[in-house]
Structures are given as C-alpha cells and as structure tokens.
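> Chains A and G supply the protein sequences, listed in that same order. With the working numbering, the residue at position 17 of the first sequence is 17, and numbering never jumps. With the working numbering, the residue at position 24 of the second sequence is 1024, and numbering never jumps.
Some hints here could point you the wrong way.
Stated by the list, open to error - Restricting the straight-line Cα-Cα distance to at most 27 Å, the calculated cross-link-like pairs of lysine-lysine (DSS-like) are:
1. A/K73 with A/K57
2. G/K1057 with A/K94
3. A/K9 with A/K94
4. A/K15 with A/K57
5. A/K15 with A/K73
6. A/K94 with A/K22
7. G/K1009 with G/K1044
8. A/K22 with A/K57
9. A/K73 with A/K94
10. A/K22 with G/K1044
11. A/K9 with A/K73
12. G/K1044 with A/K65
13. G/K1044 with G/K1014
14. A/K73 with G/K1044
15. A/K65 with A/K22
16. A/K94 with G/K1009
17. G/K1044 with A/K94
18. G/K1044 with G/K1057
19. G/K1014 with G/K1057
20. A/K9 with A/K57
21. G/K1044 with A/K9
What the hints assert, rightly or not - Listing some non-contacts, in silico: residues in chain G with all C-beta distances to chain A over 10 Å:
22. F1010
23. M1027
24. R1068
25. R1077
What the hints assert, rightly or not - Covered stretches of chain A (chain G as the covering partner; in silico rule of three or more C-beta atoms under 8 Å from a C-beta of chain G):
26. 42-55
27. 94-102
For the record, the hints were derived by calculation from the structure and aren't laboratory data. Even glycine gets a Cβ: it sits at the ideal position worked out from N, Cα and C.
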Amino acid sequence: AQRVTQPEKLLSVFKGAPVELKCNYSYSGSPELFWYVQYSRQRLQLLLRHISRESIKGFTADLNKGETSFHLKKPFAQEEDSAMYYCASGGYNKLIFGAGTRLAVHP
Amino acid sequence: NAGVTQTPKFRILKIGQSMTLQCTQDMNHNYMYWYRQDPGMGLKLIYYSVGAGITDKGEVPNGYNVSRSTTEDFPLRLELAAPSQTSVYFCASRLQGEGPAFFGQGTRLTVV
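One chain only, chain A, in its complex shape (with noise of 0.2 Å):
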C-alpha cells in the first residue's frame, strides 16, 4: 500500500539553525512527491516537488530511492518558517499525506 510517514509530530529550532524535516514513502514504482506548507489559517500549498529540483524559500529535498526517503532542508531557519508541513507522494492515482510535521522556529 502507498504510505508516507513523518516521524517528528514537532520539530522546535531556533532562528538561525539549520532544519531538516524527514519524510519516508513507500510505493512500488516511481513517485511523484512533493512537500506542501499549512502558514496558520491558511490553505495547503504546495512548497516544492522533486521532478523539479528546485529551491523554494531556501528549502531543498532531494529524493533517495535507496532509502525511500526525501527530507526536506533549510541550511537557516526564519522564525516564518513556522508552519505544519506536510509530505504527499502521488501513484495508483492517489494522492496520499504524511502526519505532517509542525515547525516551531524561536527567536
């Protein structure tokens, strides 16, 4: 079955800190994945996926078929990073979310 699992429920760093957010999947053939962002009271939206291998807001995540993995990471964090994140791997279809993950910079 297609699974996501965020291990962390609370990640808590100061400003400044650098921030990785792990995300493990499991799907049989080659997902789609991608990292969304909850700011408070907003909608999800979507921060970045791996077939674009880009850089949003100074967050990257590279995909490890070998581990099954794609952590995301911030070499700084900023007290607005502050939010739920969420990792989603897409297949068979579906579009299915991990636990998320809550992100709590202090200054």
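Start from chain A and add chain G according to the hints.
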C-alpha cells in the same frame, strides 16, 4: 481565476443529520480529492475522482459518498452525521501528470 472553492466554511450538524460539502474548481483539472484533517493525524484521503463519472474510495470512505457529474464539481455527502466526522475537510484538484494539487480553504464541520 478562483481556483478551488469550498462551501460552506463552517457548519454545525446534529447527530443523524445529512449535508453536502460543495467543491468546485475552474482550472479544468481532471483529478479531484476530498480529505479530512484531524488534529495530529494529517490529511486522510476520503474519496477521489480521475474524471467526470469516475470516483473511487480513499483511505477513510465510510460514512461518506461522492459524485462527479461534471469536471468542475465534486460534492461530498454525509448521510447520517456522527461525532467522529467532526473534522476539517479539504477539497483539492490537480491536472493528470502535472503533479501539484491545489487546495480549497477548507470546511470546518462539527457534529454534536
């Protein structure tokens, strides 16, 4: 371009009542999804559709029904509301093969 629009934004239902959550998109996306978001549980897929006339169950379909008579609309029906259906519901759409999904603003439903 409105994107994905959900109505209503808030609703309180009594146990046993029924209601329809509306979702419409104007991007000509063929894929549409309904999710529920419970605290600490992330988004769970309820139903999805890959085109008009085609629907399929997701991870948590029990207690819900959907229809897809047009490309634009994908309503979610609750027939006999139960307290366990208290949640925030999100509708999303995406273009086949193009990846990212666009979300509605959500409907906060409370069943008492």
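> Taking the hints in turn, state whether each one holds.
Quick rundown of the hints versus the structure:
| no. | hint | result |
| --- | --- | --- |
| 1 | A/K73 with A/K57 | holds, 11 Å |
| 2 | G/K1057 with A/K94 | holds, 10 Å |
| 3 | A/K9 with A/K94 | holds, 23 Å |
| 4 | A/K15 with A/K57 | holds, 15 Å |
| 5 | A/K15 with A/K73 | holds, 14 Å |
| 6 | A/K94 with A/K22 | holds, 21 Å |
| 7 | G/K1009 with G/K1044 | holds, 19 Å |
| 8 | A/K22 with A/K57 | holds, 18 Å |
| 9 | A/K73 with A/K94 | holds, 25 Å |
| 10 | A/K22 with G/K1044 | holds, 19 Å |
| 11 | A/K9 with A/K73 | holds, 16 Å |
| 12 | G/K1044 with A/K65 | holds, 24 Å |
| 13 | G/K1044 with G/K1014 | holds, 23 Å |
| 14 | A/K73 with G/K1044 | holds, 25 Å |
| 15 | A/K65 with A/K22 | holds, 14 Å |
| 16 | A/K94 with G/K1009 | holds, 25 Å |
| 17 | G/K1044 with A/K94 | holds, 11 Å |
| 18 | G/K1044 with G/K1057 | holds, 11 Å |
| 19 | G/K1014 with G/K1057 | holds, 25 Å |
| 20 | A/K9 with A/K57 | holds, 22 Å |
| 21 | G/K1044 with A/K9 | holds, 16 Å |
| 22 | F1010 | holds, 13 Å |
| 23 | M1027 | holds, 14 Å |
| 24 | R1068 | holds, 13 Å |
| 25 | R1077 | holds, 20 Å |
| 26 | 42-55 | holds (count 6) |
| 27 | 94-102 | holds (count 7) |
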